[in-house]
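*Asks:* Chain by chain, the residues run as shown.
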Amino acid sequence: MTEMTGVRAMAEEVRSGAVDPMQFLRAALERARALDAAERPIRAFLALAEGSPPSHRTTESEGAVSAPERPAQILAGVPVAVKDNLCTLELPTSCGSRILEGYVSPFEATAVRRLRAAGGIVAGKTNMDEFAMGSSTENSGFGPTRNPRDLSRVPGGSSGGSAAAVAAGIVPCALGSDTGGSVRQPASFCGVVGIKPTYGRISRYGLVAYASSLDQIGTFGGTVADAAILLQAVAGHDPRDSTSMDRAVPDFLGEAERGLEGMTIGVPREYFRDELDAGVRAICETALERFRKGGASVREVSLPHTRYAVATYYVLATAEASSNLARYDGVRYGHRKPEARSLEEVYAGSRTEGFGAEVVRRIMLGTFALSAGYYDAYYGRAQKVRTRIAGDFDRVWSDGVDLLFTPTSPTTAFPLGARTEDPIAMYLSDIFTVTANLAEIPGISIPIGTVDGLPVGGQLLAPKWEEARVIGAAACLESMIGEDR
Amino acid sequence: MGVSKDEVRRIAALAQLRPDESAVERLTAELNGILEHIQRLEEVDLTQAVSGDEGSQRALPIRDPEMEPDLLAPGAPADRAPDWQEGFFVVPRLRALDRDGEGEVAG
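For the record, the sequence lines run as chains A and B.
Quick note: the working numbering has the first sequence finishing at residue 485, numbered continuously throughout.
Quick note: the working numbering has the second sequence finishing at residue 1107, numbered continuously throughout.
It is worth saying that the hints were derived from the structure and are not from the lab.
Be aware that a few hints might be false.
[As the list claims (entries may be wrong)] Negatives, chain A to chain B, calculated, CB over 12 Å: (1) E50; (2) R98; (3) A248; (4) T286.
[To be verified] What the simulated footprint calls covered on chain A by chain B, stretch by stretch (three residues with Cβ under 8 Å from a Cβ of chain B suffice, anywhere in the stretch; the number is not a length): (5) 306-312; (6) 352-363.
[Said to hold, decoys possible] Derived, one-sided and incomplete: chain B residues facing chain A with beta-carbon distance under 10 Å: (7) A1013; (8) V1050; (9) M1067; (10) G1075.
Just so it is clear, CB atoms sit at the ideal spot from N, CA and C, and this is done for glycine as well.
In isolation and in its complexed conformation, chain A is listed as follows (with noise of 0.2 Å):
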C-alpha cells in the first residue's frame, strides 16, 4: 500500500514522475473507507472525492492565487483533508450542521483554491462540530468522530475530522480552522501537529463564518514540516478577504533553521496551576529541560488576566456567532421547514429545527449579551477585558520574550460522552488556546510525549506575524524528541 511519508517526498514523487499522480489520493480513500467499514469507525470525514478526481476547473489566470512568487507544486500530487466549513465546488459544504445538509457552495475558498493551484489535491471534507462550535467533534449534526489513537476518546474539535485524518495516516496534512483552540487541541488530543497563524495570514473567503474577529484557518501535518508545507501554500494577501493582511509571506521553513541557540522562552505560570494534569505537567517540564539543551533559556513569566479568557471568549464569539447565524433562514439556503404557513414560521420553525443544541446555546447566549440593556455590561466590557489580554502578551514580549511555551490543553482526549452534558467543563478544555485567538497572534501545538498512552500537545505561542518562530523552535522539539526516542 502507498505510504503517506510526508508532503515534501510525496511532493518530490510526483513530481518527478516516480508515482502517478493520483496515487496518493486513491490509498488515502481506500484507507479511509477501510476505516469506516471497522466496527469502530473513526469517521473522521463527512463526504470522500468518490468517482473522478476533482477536477481544475478554474485555471490559475482566474485572480486570487495567481501570485507568481508561490512555490510551484509544493503540494503536487498530496492527498490533502479539509474541513467542512471551507467552500468547495465538487463537495458539499455542510459545517457538520443539519441545516446545511447536502448544500454544495457555487465558489470555492481562497484556501483551497490556492492549495489546489500548489497541486494538491482534496481528498474530502472532514467531520466537525456544528459551525466549529465545540471542543470534542461530538456536537456535529452527523455523529461524532473517534480518536484514532483510543478509539473511546475524542479527537478534540472542532476540527476534529481534521485532526483524526492526520493521526490515522490518511492524508499527510489538513485544513482546518480556529477560532478558540479548533486547531491546537485537537492536534493535541490526536497526537499530530497544528498551527493557527496570525489573524489575516490565511483568507477566509469561503470560510464559513462563526465568530470574525477570532476566526482564522490553520493548517495540521503529521510532522512539523508537514503542516508548515500546507501553510506555505495556503497563506497570503486575498483582495476578497478585508481583514487579510497584505504583508509578505516568508519561507516558514527556510527561516526556521535558526535554531534554539539565544532564544529566550517564556513560561506562563497562569497556565501551570492546580488543576492541570500532573502527567501533562511532568511532560511540558521534559519539553523545557529538552529547550535549555537547545541552548535556548527559559524563565517564568506572567500574564495575569489568563482567569478570564474563557468568559471574553463565550461573549465575543457568541455575540458574533449570533450575528453571523441570522443567515440561516430557510429561504436563501439549507433546510426550510416543510410545513411553514406564515414568513415568521419559515425563519423560527427552520432555524430551531436545523440547528443542534450547542448552536442553540451560543445563539442565545450571543443575543442575550448583544440585547438592549445588557450590551454594555457584557459585550463592551468583554471587548475591554480582550484588550486587556492582548496587552499581557505585549508586554512579556517587549519584556524580551521570544516565544511562550504552555500546555495546549489541561488533560489529554477526554472519553465520548463525558463531558456533553456539562458545558462550562467542555468550554474549559479551551482555556489554554483562546488567547491566542484573542490576542491575534500565531501558535502551534506539537506532540510533546504520552500520559497513559494518550498524546499530550505543547503549545508555542510568538509575536504577530512570527509563525516561522514557532515552526523553527517546534522543528527543534520535534528533532530532539526524535532522537531520544
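Following the hints, position chain B against chain A.
*Replies:* Below, chain B alone, put in the same frame as chain A:
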C-alpha cells in the same frame, strides 16, 4: 445577573428560535450556569482606559464600491440555478403568500 424563563423566551424570539417548554427550562439553567462563569469579568478593573479599548486598532482597507465579476464562481448565475429570468433567480413561491395556500411557481 441571571435570566428568567420569560427572558429566555424573549431572547429566543429575538434570535428567531422556538424552543419548546422543556428546552426553555434547560436553556434557562444552562445560560445561568454560563453567565455565572462570565460574572468574573466584573472583577477586572476597567477604570483606566487603555489603548485599544475603543475596538480593534487595525485600519481596514477601504475598497471602491464597485461590483466586480466574481472570478471564483465559475460560469453565469443561470448555470447555478434551476431557473433564471430577466436577471433574477426563479424560486418556488412561498405558500404563505397565497390566499388558498397552494404553492405555485412565480414567474
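*Asks:* If a hint holds in the structure, say so; if it doesn't, say that too.
*Replies:* Hint-by-hint comparison with the structure:
1. E50: The assertion about E50 (chain A) holds, with a minimum of 21 Å to chain B.
2. R98: holds, 15 Å
3. A248: holds, 16 Å
4. T286: holds, 33 Å
5. 306-312: holds (count 5)
6. 352-363: holds (count 5)
7. A1013: holds, 8 Å
8. V1050: Result: holds, 6 Å to nearest chain A Cβ.
9. M1067: violated, 13 Å
10. G1075: holds, 9 Å
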